[in-house]
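Everything in the sequence shown is counted per the numbering used here, starting at 975 for the first residue and increasing by one.
A few of these clues could be false.
Cβ-Cβ distance ranges computed for the label pairs, FRET-style [to be verified]:
#, residue 1, residue 2, range
1, P1180, L983, 39 to 47 angstroms
2, L1065, K1145, 19 to 27 angstroms
3, L979, D1010, 19 to 27 angstroms
4, P1160, T1070, 39 to 47 angstroms
Hints were generated in silico from the structure; no laboratory data involved. Just so it is clear, the structure is predicted and the values come from calculations on it, not from any experiment. Note that the Cβ used here is the ideal one computed from N, Cα and C, for glycine as well.
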Amino acid sequence: MKKRLRQILIIGLLLIFVLVLALWFSIDGIIRQQVDVRATAALGVKTTLDQVTLNVFGGSLALKGMNIANPAGFTDPSLVNMQSCSVTVNLHSLLTPTVKINTIAVNGLTMSLDINGLNTNLSTVLNNIKTNTASPAGSAAAAPATQTATQKTASGGKALAVEKVVLTNIKVIIRAGLLPGQSGVPITVVIPRLVLNQPTNPNGRPLRIADLFGQVLSAVALEAAKSPTIPSPVRDSLQTAGNILAGGGRGLLNSAGKLGQSLGKGVNQTVNTFKNLLTGQNKNNNGAAK
């Protein structure tokens, strides 16, 4: 009888060991799949991650090869490409409702911004985040049953408390050929380093992974808008996109109005340039006739 119990105990321990090993070797794939599913639901565009490596004992997570696809109707296949990202996390917080992250270090992020009149690919994605992660009926206490399947997926997961996000080697490629005075040649802005300290939602709602994506993309757009090589209409368009997640509807309307004014000025400048050219040509012709 004792021998029988010993055999059952050994078999049970072996099964537990096999299950732990299976979970250990598959956990990276589970995390990668969750990032793909939740990010795609929140951003409204296909988001993929090539590789995830979790170091449980070191409290770190390494990500490689993230790609955020462009919304339909824009030129490039991708809005964002990221080479690598490392995350250091407080292990004890993984068992609590809020995961505490010490540092997120992103390296080699490339953003392709396509500006088409008042619309940009970035503003489309940020509006998707705002819609898909917003509390139903504008209330954080609203019943979860009223959420759509996309909202449930996008706003799900644990809350995040992030101390610092550090981005290095950032490249922003801007295509604004349809704006007045733009030749269609891409404008490239290089940002060596960008730091976000304690990112939060402006409405006080707990920060989720989708919100963090939006905060990073917004910060990159606003930083690129500071470049002296950026023409005024393009700068205003970047600022409009970057401010979508902050300030609510009024801030967005004000930014859009400002952009419209800048575009109007650009059109007027272009028209005036043609008028001056024509006037100068007439003067030359009159002088030659004399």
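Outcome of the hint check:
no., hint, in the structure
1, P1180 - L983: 39 to 47 angstroms, "holds (44 angstroms)"
2, L1065 - K1145: 19 to 27 angstroms, "violated (34 angstroms)"
3, L979 - D1010: 19 to 27 angstroms, "violated (45 angstroms)"
4, P1160 - T1070: 39 to 47 angstroms, "holds (45 angstroms)"
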